[in-house]
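Got chain L; can you put chain W on it based on the hints?
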Amino acid sequence: MFDLYRPGTSFLHRLPAGVKVLLLAVLGTLIFLVDDLAVILGFLAAVLALYPMARLPMASAWNQIRPALWILIAILLAQGFINGWETGFFVTARFAGLLLLAGLLTLTTRVSDMVDGMERGFWILKYVGINPAKVSLALSLALRFIPVLATITAEVREAQKVRGLNRSIIAVAIPVVIRTLRMSDEIAEAIETRGYSH
Amino acid sequence: MNTKDIVYIALFAALTAALGLFPPLTLPAVGVPITAQSMGVMLAGALAGSKRGGLALLLFVVLVAIGMPLLAGGRGGFGMFLGPSGGFILSWPIAAFLIGWLIERHKGETPLVLSMVYIAIGGVGVVYLIGVPWLAFAAELTLTQAITGSAGFIPGDLVKVVLAALITRGVRKAYPDLGTRS
Numbered sequence: 000m001f002d003l004y005r006p007g008t009s010f011l012h013r014l015p016a017g018v019k020v021l022l023l024a025v026l027g028t029l030i031f032l033v034d035d036l037a038v039i040l041g042f043l044a045a046v047l048a049l050y051p052m053a054r055l056p057m058a059s060a061w062n063q064i065r066p067a068l069w070i071l072i073a074i075l076l077a078q079g080f081i082n083g084w085e086t087g088f089f090v091t092a093r094f095a096g097l098l099l100l101a102g103l104l105t106l107t108t109r110v111s112d113m114v115d116g117m118e119r120g121f122w123i124l125k126y127v128g129i130n131p132a133k134v135s136l137a138l139s140l141a142l143r144f145i146p147v148l149a150t151i152t153a154e155v156r157e158a159q160k161v162r163g164l165n166r167s168i169i170a171v172a173i174p175v176v177i178r179t180l181r182m183s184d185e186i187a188e189a190i191e192t193r194g195y196s197h
Numbered sequence: 000m001n002t003k004d005i006v007y008i009a010l011f012a013a014l015t016a017a018l019g020l021f022p023p024l025t026l027p028a029v030g031v032p033i034t035a036q037s038m039g040v041m042l043a044g045a046l047a048g049s050k051r052g053g054l055a056l057l058l059f060v061v062l063v064a065i066g067m068p069l070l071a072g073g074r075g076g077f078g079m080f081l082g083p084s085g086g087f088i089l090s091w092p093i094a095a096f097l098i099g100w101l102i103e104r105h106k107g108e109t110p111l112v113l114s115m116v117y118i119a120i121g122g123v124g125v126v127y128l129i130g131v132p133w134l135a136f137a138a139e140l141t142l143t144q145a146i147t148g149s150a151g152f153i154p155g156d157l158v159k160v161v162l163a164a165l166i167t168r169g170v171r172k173a174y175p176d177l178g179t180r181s
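If you read the protein sequences in the order shown, they are chains L and W. Going by numbering that gives the first Met the number 0, the letters in the first sequence line up with residues 0 to 197, in that order. Going by numbering that gives the first Met the number 0, the letters in the second sequence line up with residues 0 to 181, in that order.
Excised from the complex, chain L in its bound form (with noise of 0.2 angstroms):
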């Protein structure tokens, strides 16, 4: 399954997976009690001084940025003329800072690090009447879906395409969505048969 992760041997990409989960839960919200500027700016400055500490290109750092440029700008101007420019720094900083930050985990944590380190959490979970085993199925099961979903739509796509219908949304996600439950109708079977015990 595709995920963001980059290998590597630094000591970010050693600490376990759930310090790291903690660590940024815990940066990130003590963030917002943040007021100053300069603050912010340090904070900025010392996230993107952590990727060459563990030996992340700085161009991954931008890749960080890049999908959330355009809401960055928008909110940059916004408050530029609204508020100010310190406020529309501010602002952009620590939504950058913070994007850095949560980038730091994805990149030098394996998803399925990520993955075991919640199922060792689940076990809280039957306390209160969940099964930690179920959870864990409609994990994998979410994460393998994923490309087959897209394969479905590219195939209904393809079929649509010869009546003309292929732009129509509504006539690609109908026969999408019918074949994928008829298909999860078929897994559930499928992994009844095996045994699955509940």
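Hints were generated in silico from the structure; no laboratory data involved. Keep in mind the model is a prediction, meaning the values are calculated, not measured. For each residue, glycine too, the CB sits at the ideal point set by N, CA and C. Watch out, some of these pointers could steer you wrong.
Examples of chain W residues lying across from chain L (beta carbon under 7 angstroms, computed) [to be verified]:
no. : residue
1   : Ile65
2   : Gly76
3   : Gly169
With a cut-off of at most 27 angstroms between alpha-carbon atoms, the simulated DSS-like pairs for lysine-lysine come out as follows [said to hold, decoys possible]:
no. : chain 1 : residue 1 : chain 2 : residue 2
4   : W       : Lys50     : W       : Lys172
5   : W       : Lys50     : L       : Lys133
6   : W       : Lys106    : W       : Lys3
7   : L       : Lys133    : W       : Lys3
8   : W       : Lys50     : L       : Lys125
9   : L       : Lys125    : W       : Lys3
10  : W       : Lys172    : W       : Lys3
11  : L       : Lys19     : L       : Lys133
12  : W       : Lys50     : W       : Lys3
13  : L       : Lys19     : L       : Lys125
14  : W       : Lys172    : W       : Lys106
15  : W       : Lys172    : L       : Lys160
16  : W       : Lys106    : W       : Lys50
Only chain W this time, still in chain L's reference frame:
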């Protein structure tokens, strides 16, 4: 919660992810890109029901949080929730649940127009109710400013509501034994 329920939950999570792969449409009148992804919320609630739909979107949110680039534009990771659009995405499980709940409450088959209303209440109402205040908080805007900034997306969302309702009806016709109850 049986195996079929779990598979459906995984399916609608994956569907929401797959919808993010469609290129965003830019409405010329408004100039903001609209993505097909929020239709996943509407379809999950309308087709899988409240419990399964809500859990499907919760699963989606978790997958995004652990770094999968499933949001439209290949975005993902915990950082997205801390940014301006975070509230919108976090509202999706609740929105899907509410849509499913409203449809389930309705005795018998829900007429098309009413299903559009239900989908709009969840897919637009709840989403904006949670998303806009978070936007104001994360982008340091006043509530009014956040509302104004988000208003441009509403026409596109209403189009999605209509599409989702039509898709739901089409699917149900071909798949009458869908069963929204788990």
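> Given the hinted pair Lys172/W and Lys3/W, is their alpha-carbon gap at most 27 angstroms?
Replying inline: 20 angstroms, holds
>> Between the alpha carbons of Lys172/W and Lys160/L, is the straight-line distance 27 angstroms or under?
In response: 23 angstroms, holds
>> Holds or violated: Lys50/W and Lys125/L, Cα atoms, limit 27 angstroms.
In response: Holds, at roughly 18 angstroms.
> Can the hint on Ile65/W be confirmed by a CB-to-CB distance to chain L that is less than 7 angstroms?
Replying inline: 4 angstroms, holds
>> Check whether the Cα positions of Lys19/L and Lys133/L lie no farther apart than 27 angstroms.
In response: 25 angstroms, holds
> With a cut-off of 7 angstroms, does the beta carbon of Gly76/W approach a beta carbon of chain L closely enough for the hint to hold?
Replying inline: Hint on Gly76/W: holds, closest Cβ of chain L at ~4 angstroms, below 7 angstroms.
>> Would the hint linking Lys133/L and Lys3/W be met if the CA-CA limit is 27 angstroms?
In response: Roughly 11 angstroms separates the two Cα atoms, so the pair holds.
> Given the proposed pairing of Lys106/W with Lys50/W, does the C-alpha separation stay at or below 27 angstroms?
Replying inline: 18 angstroms, holds
>> Checking one constraint from the list: CA of Lys172/W to CA of Lys106/W, max 27 angstroms. Satisfied?
In response: Holds. Lys172/W to Lys106/W sits at ~18 angstroms (cutoff 27 angstroms).
> Given the proposed pairing of Lys50/W with Lys172/W, does the C-alpha separation stay at or below 27 angstroms?
Replying inline: 22 angstroms, holds
>> So, as I understand it, the hint says Gly169/W touches chain L; can you test that by seeing if any CB pair is closer than 7 angstroms?
In response: 4 angstroms, holds
>> Just to be careful, I want the Cα atoms of Lys50/W and Lys3/W compared with a cutoff of 27 angstroms; is the pair within it?
In response: Between Lys50/W and Lys3/W the Cα gap is close to 13 angstroms, so the pair holds against 27 angstroms.
Checked against the numbered hints given earlier, the structure satisfies every one of them.
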